[in-house]
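Q: Note that the protein sequences, when read in sequence, are chains R and V.
Residues 1 to 237 in this note's numbering are what the first sequence spells out, letter by letter.
Residues 1 to 115 in this note's numbering are what the second sequence spells out, letter by letter.
Among the clues, some could well be false.
Restraint ranges, calculated between C-beta atoms of paired labels, are given here [stated by the list, open to error]:
{"no.": "1", "chain 1": "R", "residue 1": "V227", "chain 2": "V", "residue 2": "D92", "range": "25 to 33 Å"}
{"no.": "2", "chain 1": "V", "residue 1": "K41", "chain 2": "R", "residue 2": "E34", "range": "30 to 38 Å"}
{"no.": "3", "chain 1": "V", "residue 1": "E40", "chain 2": "R", "residue 2": "D11", "range": "28 to 36 Å"}
{"no.": "4", "chain 1": "R", "residue 1": "E34", "chain 2": "V", "residue 2": "A25", "range": "37 to 45 Å"}
{"no.": "5", "chain 1": "V", "residue 1": "E58", "chain 2": "R", "residue 2": "D187", "range": "20 to 28 Å"}
{"no.": "6", "chain 1": "V", "residue 1": "E40", "chain 2": "R", "residue 2": "T153", "range": "23 to 31 Å"}
{"no.": "7", "chain 1": "R", "residue 1": "D116", "chain 2": "V", "residue 2": "A84", "range": "45 to 53 Å"}
{"no.": "8", "chain 1": "R", "residue 1": "P184", "chain 2": "V", "residue 2": "E63", "range": "47 to 55 Å"}
{"no.": "9", "chain 1": "V", "residue 1": "K59", "chain 2": "R", "residue 2": "E192", "range": "32 to 40 Å"}
{"no.": "10", "chain 1": "R", "residue 1": "G220", "chain 2": "V", "residue 2": "S46", "range": "39 to 47 Å"}
{"no.": "11", "chain 1": "R", "residue 1": "E34", "chain 2": "V", "residue 2": "E49", "range": "32 to 40 Å"}
{"no.": "12", "chain 1": "R", "residue 1": "G220", "chain 2": "V", "residue 2": "E42", "range": "38 to 46 Å"}
{"no.": "13", "chain 1": "R", "residue 1": "R70", "chain 2": "V", "residue 2": "D92", "range": "21 to 29 Å"}
Keep in mind the hints are simulated off the structure, nothing from the lab.
What you are looking at is a predicted structure, and each value in this text was computed from that prediction instead of being measured.
Note that CB positions come from ideal geometry on N, CA and C, so glycine has one too.
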Amino acid sequence: MCETCGCGDSDLVPVEVHEAILSENERGARHNREHFNEARVLAVNLMGSPGSGKTAVLEATARALAGKRRLSAMSGDLATDNDANRLEAAGIPSRSITTGSACHLDAKLVHEGLHDLPWRETDLLFIENVGNLVCPAVYDLGQAVNVVALSVTEGEDKPLKYPVMFRTADLVLLTKVDLLPHLPQIDVAAIEDGLARTMPDPAVIHVSAITGEGIDRWVGWLEEKRVVARSEVAARV
Amino acid sequence: MHEYSIVSALLARVEAEARAHGAEAVHRIRVQIGELSGVEKELLESAYELARERTLCEKAELEVVSVEARWACSSCKSTIPKGAVLRCSVCDLPAQLAEGDEILLERVEMEVPDV
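One chain only, chain V, in its complex shape (with noise of 0.2 Å):
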């Protein structure tokens, strides 16, 4: 299970930010996590749940939304239905992942003292 290595980048990431802009907190977490990424979104919240004891995040809640793999031709762009073999039948192409592969840290909430 390499969630907990997913989650700890994440959280040396986000404290990274938190530094950089003086937050003394950090609010909301919002991740992207697509469906062929490798990562299983309630792994990632549970293993979340233990590591962001006693750091900045200890209160952010984490927002966890999931891309669904959409796999398209190349060429024609065309959109090749999941499950279905990965070949454009017009273009007799290899398809392409046009999304879905994400782990991505989109976006940060922190609290910053108002000086």
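Extracted from the complex, chain R is given alone in its bound form (with noise of 0.2 Å):
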């Protein structure tokens, strides 16, 4: 007891929370996922490093897809609209989040995009992350699948030096392929083995989005995972 005023001391309480600290962010992935299975829209999360071809990939695929799948987007870009503009002008409905000091989205952000995009309306939502290797990996944000792009000309050993954005992917697309002719020093396999080492059941696609080498075994993939999708939330209902 205090003296003075006769006011209690403080005691030490210990908590047990076990809970993780980005909680409120699972919710919010939680709550996206439900609407995108709802809608029968499979989510995309596209990630990889600033320049690895995530935008051009994306402009393939709608020209690989156009008049046969519905497509929409939304990109993560820390200061412009460029690729939400060139997204556009591929033919894909595109918002830009524009995150400012923010290096990756989050379910929120995400969740605002969806706002003023005709989402519901088609049969793929790509999500492309801001452009880096390690913090958009750490955010769920509701996708179905995890896209990483690792282009050609960013060095073997990048699967080893990021290993937990390569642990997250469920399909690694290898871009800009039509330039291996131009870059004897990489070799290929050494890519492939880093990312068995860092990725559990690795899945690897060649891709040229210039000559559209693999653009259709990366459109089928897409298929695949929409199919599988749409019957599992077809088997919950």
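Dock the two chains into a complex; use the hints.
A: In structure tokens:
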């Protein structure tokens, strides 16, 4: 007891919490996922370094799926609307999420981005994350699949240097493979070996947005995932 | 760098816990950070130093427990060494991360007035 005013002393009270620090984001991601499932839209979280070719892959995807599948996209961008403008020009209704200094998208930003995008009327929603191989891997957005674009010019040891990003990937798109004849020092087998040591079930498709190589396999992979996701949702209803 | 947003989520969670218990200050926070969580211990600690000012955690020590990554076969559970191909050579199945992706608030010690 305090002798001056008679107030009580403080007790040290320990509380066991054992909760994910990002539980608020996880709740938001679950909410987004419910929306995507209800609308039967496959949400794809597309990640990769700045300049790895994420936007170019989506432009090639729009060309390959024109008239066959309805697409929409949102692009996380630090400061510009350039990516969303490129995707609009490619025929994909798009919205830019300008993150300012934030290095990643989170579930709340994606949810806000959904409000003025006609995503419900589409088959595939691409969420082009901020160009960064670290932070985006930490935040669940509610996506059905994680895809990482890794360009052949980035160096063979990228998977080993950024294991968190590649661990969460369902698919790696090895981009810009049209440049390989000019890159004798790049050993594709070494890149794939790095992926086998960071991805438990490695799936890799070689693509070139310029020549169109591999785009059919990528589009086939998306279609497979879309069918699986739809049948899983149907089984739950 | 996303450690600032992790720290602000942490502070919000701890303050909610402290208010629920009528605490006047937080004494110590313990978190677990996995090697493959994407969070750097040092960056988290320096983000915490800046963010805790003028909060209930102003004087609270942040204890960060690092959790090493451990891969195991999804079937026979045998350990797959770090750096190896992430596939069980016996079962021919993909490995699973048994631990090492934690970003977890484990425990809060708070000062609650004795009434």
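Q: Going through the numbered hints above, which ones does this structure break? Give me the numbers in ascending order.
A: 5, 9 and 13
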